[in-house]
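Enquirer: Top to bottom, those sequences are chains A and B. The first sequence runs 1 to 225 under the working numbering. The second sequence runs 1 to 244 under the working numbering.
Among chain B residues calculated to face chain A with C-beta under 10 Å, some are:
#1 Ile77
#2 Val81
#3 Arg151
#4 Met155
Dumping the calculated DMTMM-like pairs for lysine to aspartate or glutamate here, alpha-carbon to alpha-carbon at most 20 Å:
#5 B/Lys9 with B/Glu66
#6 B/Lys9 with B/Glu54
#7 B/Lys8 with B/Glu28
#8 B/Lys109 with A/Asp140
#9 B/Lys134 with A/Asp140
#10 B/Lys109 with B/Glu156
#11 B/Lys120 with B/Asp130
#12 B/Lys8 with B/Asp55
#13 B/Lys112 with A/Asp140
Rather than coming from a laboratory, the hints here were simulated on the basis of the structure. Even glycine gets a Cβ: it sits at the ideal position worked out from N, Cα and C.
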Amino acid sequence: MDLLQTFFNWNVLVESLPLMMRGLGVTILLGVTSIILGLAGGLVLALLRLYSYAPIRALARIYIDIMRSIPLLVLLVLIYYALPFVGIRLSSFAAATAALSLVSCAYSAEIFRSGIEAIPRGQFEASASQGMSFFNTMRDVILPQAIRIVMPPMTSNCINVMKDTALASVVAMPDLLKQATQAQALAANPTPLVGAAILYLLLLLPLVQLVSWVERRNAAGGKTA
Amino acid sequence: MSTLIEIKKLDKFYGNFQALSDINLQVEQGEVVVILGPSGSGKSTLIRCINLLEDYQGGDILVAGERVEHGPNLADIRSEVGMVFQGFNLYPHLSVLDNVALAPIRVRKLSKRDAQARAKELLIKVGMGDHAHKYPSQLSGGQQQRVAIARTMAMEPRAILFDEPTSALDPEMVGEVLDVMQNLARSGVTMVVVTHEMGFARRVADRVIFMESGKIVEQNTPEPFFTAPQEPRTQAFLQAILHH
Ligand SMILES: Nc1ncnc2c1ncn2[C@@H]1O[C@H](COP(=O)(O)OP(=O)(O)O)[C@@H](O)[C@H]1O
Ligand SMILES: [Mg+2]
Numbered sequence: 001m002d003l004l005q006t007f008f009n010w011n012v013l014v015e016s017l018p019l020m021m022r023g024l025g026v027t028i029l030l031g032v033t034s035i036i037l038g039l040a041g042g043l044v045l046a047l048l049r050l051y052s053y054a055p056i057r058a059l060a061r062i063y064i065d066i067m068r069s070i071p072l073l074v075l076l077v078l079i080y081y082a083l084p085f086v087g088i089r090l091s092s093f094a095a096a097t098a099a100l101s102l103v104s105c106a107y108s109a110e111i112f113r114s115g116i117e118a119i120p121r122g123q124f125e126a127s128a129s130q131g132m133s134f135f136n137t138m139r140d141v142i143l144p145q146a147i148r149i150v151m152p153p154m155t156s157n158c159i160n161v162m163k164d165t166a167l168a169s170v171v172a173m174p175d176l177l178k179q180a181t182q183a184q185a186l187a188a189n190p191t192p193l194v195g196a197a198i199l200y201l202l203l204l205l206p207l208v209q210l211v212s213w214v215e216r217r218n219a220a221g222g223k224t225a
Numbered sequence: 001m002s003t004l005i006e007i008k009k010l011d012k013f014y015g016n017f018q019a020l021s022d023i024n025l026q027v028e029q030g031e032v033v034v035i036l037g038p039s040g041s042g043k044s045t046l047i048r049c050i051n052l053l054e055d056y057q058g059g060d061i062l063v064a065g066e067r068v069e070h071g072p073n074l075a076d077i078r079s080e081v082g083m084v085f086q087g088f089n090l091y092p093h094l095s096v097l098d099n100v101a102l103a104p105i106r107v108r109k110l111s112k113r114d115a116q117a118r119a120k121e122l123l124i125k126v127g128m129g130d131h132a133h134k135y136p137s138q139l140s141g142g143q144q145q146r147v148a149i150a151r152t153m154a155m156e157p158r159a160i161l162f163d164e165p166t167s168a169l170d171p172e173m174v175g176e177v178l179d180v181m182q183n184l185a186r187s188g189v190t191m192v193v194v195t196h197e198m199g200f201a202r203r204v205a206d207r208v209i210f211m212e213s214g215k216i217v218e219q220n221t222p223e224p225f226f227t228a229p230q231e232p233r234t235q236a237f238l239q240a241i242l243h244h
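Kindly generate the complete structure, drawing on both the sequences and the hints.
Expert: Put into structure tokens, the structure is as follows:
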């Protein structure tokens, strides 16, 4: 059938598959790197925003607000196309990682903060009253509880980062979407694009379902011991 | 006897509201002091100043000669002054055993094995030896409070502050917690106890302090305090509580 030949052309798919798998690898690498940097940066940012000296707290808040306001694509284009004018020339991978994690850490900071603020004051007081340091209190008492609370929104945020990696194709990053568009141009057939969409779904659908599962479990069981 | 806790001319404000005025109080090593007073009289505020969970604005608090203030010594002082809370405040994500062992590992630098062995002993001492691997949410209030006391004892503090440790408990669980506290008092630990349990105050206290409106109104040894209170406000308070 014609439609099938157009959108699910087997030969085109098989031919473009190696290229697309390489693109998928790049997408995953970019996503995972940005997620890890975003989580680590977000935790530091949340702690600065909550507990540091007033001027630094203010700076953290300004940073978070700016990064949550600027469109990711705009930031990416700025980093990749504008920074070279001041001598900072990043590879497309570095630029994409920077843009994704700069924004992602602002979102994760707010998520971490909401989790930390949800912990009852008595937990901080019990720990302080035993002479525990700030670092130990956070590591052993507060963060394990806070992370449990923010697991669903944090996973959603990670999913968003993974999805937003597709924007990197704009700066000539050979990610899944870029490879697919190139294969499509080469074969003059849109099958690679459909294939890319399916690959994105295979990557992200399980994560989305994980979030719903965690949310359902939390709603049903409260905190399990 | 030597003085362990010394409070001199303490003033404490919440904004413009003066919660404590000119509190002077000494607690000797090994002494058990019970603080009584109507709700809102500043009892919690007073004992929370002793480990600086609340800041104070005037006067001095010394623990073993060291001024209680923000700075590098605060954690040390806090490790020597334990606190038991009305709401237990156990760590819900840790087992009972780990609740007790955590601070000794982190603050006293005990090995995990030593800390857990000691935690087990303490749990046995408070009658919770069989529950070491449960989580706080699986315990009754009285059991949780006994674990909280064991957690505080695990640091081997020189003094323990109790803020209404039985007020959140169902009546049938009050006794088990008071028994543990009484044993603790006998073992020579310095204790400052805010409570409404008059029987405990009479039996266990070396000294009873009555507070009202942020001031110490009267203090005495239990016998004269309960049988012949001097101040009219103390008399009224005891009347109200005993004939309740
Ligand atoms: N965080 C706070 N902010 C403002 N006022 C407070 C705060 N905590 C306590 N107070 C006030 O200080 C007074 C003493 O409170 P508290 O020490 O809790 O009394 P008690 O423990 O004797 O019931 C009360 O009038 C209370 O309303
Ligand atoms: Mg109180």
